[in-house]
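S.K.: Listed below are the residues making up each chain.
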Amino acid sequence: MTDLTELGIAALRDGVRTGSFSAREVADAFIVKVSEAKALNAFIVETPDHAIAAAREADTARAAGEALKPLAGVPIGMKDLFATKGVQTTAASHILEGFTPVYESTVSQKLWDAGAGMLGKLNMDQFAMGSSNETSAFGNVISPWRRKGSNSALTPGGSSGGSSAAIAARLCPGATGTDTGGSIRQPAAFTGISGIKPTYGRCSRWGIVAFASSLDQAGAMAHDVRDCAILLEAMAGFDAKDATSLKPSLAGKTVGIPAEYLVEGMPPEIAALWQIGIAWVKDAGAEVIEVSLPHTKYALPAYYIIAPAEASSNLARYDGVRYGIRELPDGANLQEMYAATRAAGFGAEVKRRILIGTYVLSAGFYDAYYTQAQKVRALIARDFESAFQKCDLLLTPTAPSAAFALGEKSADPIAMYLNDVFTVPSSLAGLPAMSVPGGLDAAGLPLGLQIIGRPLDEQGVLDAALAIEQRAGFTVRPDAWW
Amino acid sequence: MSVDTNTVKKVASLARIAISDADAEKLAPELNNILGWIEQLGEVDTSSVEPMTAVIPNTLRLREDVVTEGNARDAVLANAPQGEHGFFTVPKVVE
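Listed in order, the protein sequences are those of chains A and B.
Under the working numbering, read the first sequence as residues 1 to 482, first letter to last.
Under the working numbering, read the second sequence as residues 483 to 577, first letter to last.
These are calculated hints, taken from the structure and not from any lab test.
One or more of the hints may lead you astray.
[Stated by the list, open to error] Restricting the straight-line Cα-Cα distance to at most 25 Å, the calculated cross-link-like pairs of lysine to any residue (SDA-like) are:
#, chain 1, residue 1, chain 2, residue 2
1, B, K574, A, R322
2, B, K492, A, E36
3, B, K508, A, A53
4, A, K351, B, D503
5, B, K491, A, Y366
6, B, K574, A, A340
7, B, K491, A, R170
Remember, it's a predicted structure, so these values are computed and weren't measured experimentally.
All chains, full assembly: derive it from the sequences and hints.
M.R.: Written out as structure tokens, the structure is:
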């Protein structure tokens, strides 16, 4: 069997999940490695029982067919700055020697809640004051690295030097660190691993021995970036017990309300929901301003040139030769076969769009329709660019109506197209956008609110949509009539 | 711009879609309606605007000019309505 200690957090988690090996085998493999690596002095206290208990829980859950926790089967190292209930916590100092906390730090608790187990408490610079691990009351940590042709002991960096040395020597696949002025990053750099100091306030400081409170921040250390992300995901989050813990909020964000989206004939319920949505994002801390997207009314006609034009080109491949059906009337030539196949194979709306697309691309009309639509598209994108100089996100209704009845609009293609009035512009501009349920109309049908963000700002879109979701409390379901 | 039935037939022939005279009669007003609606784009002053062809500034990637896949004749032909001797089959085009 492969040496399990060669694997990182993601591989261990996935292997336990799929049953390639048990969590117990993983824990045992690392426990042996830890016990054999005393020369590095990376651990102050070893806690094999903790790791085994977590492994047992993971294996039992898997055997029972239960869903495994995010870090089930992953044993980690815990920097000795984190208070761990029932396990000596000294911050590598003499003054705290023998101190056994009667409580658990928020970060370590979150990791245990995520299914991780603890291999031990990791050595560090005393009270995190140092950059070489030479200030620990429990002796220096020795880096597993050596200069070519030399036996001199090297520093693993500090203050999270026990963490960096243990990961680099594969005594644990990941560990917590703390960073006050570089105490995660410098040790990571010195030992060839990855380490992230998150935004101040991302991880709770509650239960972390304080060094410099306005600077201290916990973070993740592991072999690679993905493993750091997995670990940090479990560590981070708001904690009421830390006054500087970051609460997900839209504070500092400006949400723009595009005036042009207040279209004529918008049902009053949708206009009302939009206003409620504005109040919700304000309540979440956002500033709300009105912005203008002057070319909004041209988005739909531009879309209904560009999209059919591209469709007429894309759908040229359905020719009865390569796949699908073939219609070959008696005596038909190749061209007649194409035309008969496509006449029989495409539905009415698809044909309509192919014909529109072919028309706007045809000689003599190309510039008037297609090129003009591409230019208008540029103006629509430019509208968004200038709006995003004044705001971070846009809030709009998602659709100008609740769900309509089947057949209600199918007779009038333009009425159907108009229903996309609020969603098409951001598609033309290539922007991330999201719909989140906001409430019900008088007929009891759901209405959505849309958040549009800057290019690549899916995070901002999700944050704002979450603020709306939390305030909307939308839990209504359709009655099962089927 | 008004589309008559002859224009509909011409466009349909460019699009390789067979349509009957009755279909062309029905489609002409529909297409006129849609084209009339999209013609409002003509109002927009675009004299100083470059047409936008891609939403995210992105250069096309180049790859090494080497064969990366091949020998997939059977897979390529697997869905063909008609194939013979490893080729697509179509009505005779060369006498």
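S.K.: Against each hint, give a clear statement of whether it holds in the structure.
M.R.: Going through the hints against the structure:
A hinted pair counts as satisfied when its Cα atoms are at most 25 Å apart, and K574 of chain B with R322 of chain A qualifies at roughly 16 Å. About 83 Å separates the Cα atoms of K492 of chain B and E36 of chain A, which puts this hinted pair outside 25 Å; it is violated. Pair hint K508 of chain B plus A53 of chain A does not hold up; C-alpha atoms about 75 Å apart against a cutoff of 25 Å. Distance check on the hinted pair: K351 of chain A and D503 of chain B sit about 15 Å apart at the alpha-carbon level, within 25 Å; holds.
With a C-alpha separation of about 18 Å, the suggested pairing of K491 of chain B with Y366 of chain A holds against the 25 Å cut-off. About 16 Å separates the Cα atoms of K574 of chain B and A340 of chain A, which keeps this hinted pair within 25 Å; it holds. Straight-line distance between C-alpha atoms of K491 of chain B and R170 of chain A comes to about 73 Å, which puts the hinted pair past the 25 Å bound.
In terms of the numbered hints stated before, the structure departs from hints 2, 3 and 7, listed from lowest to highest.
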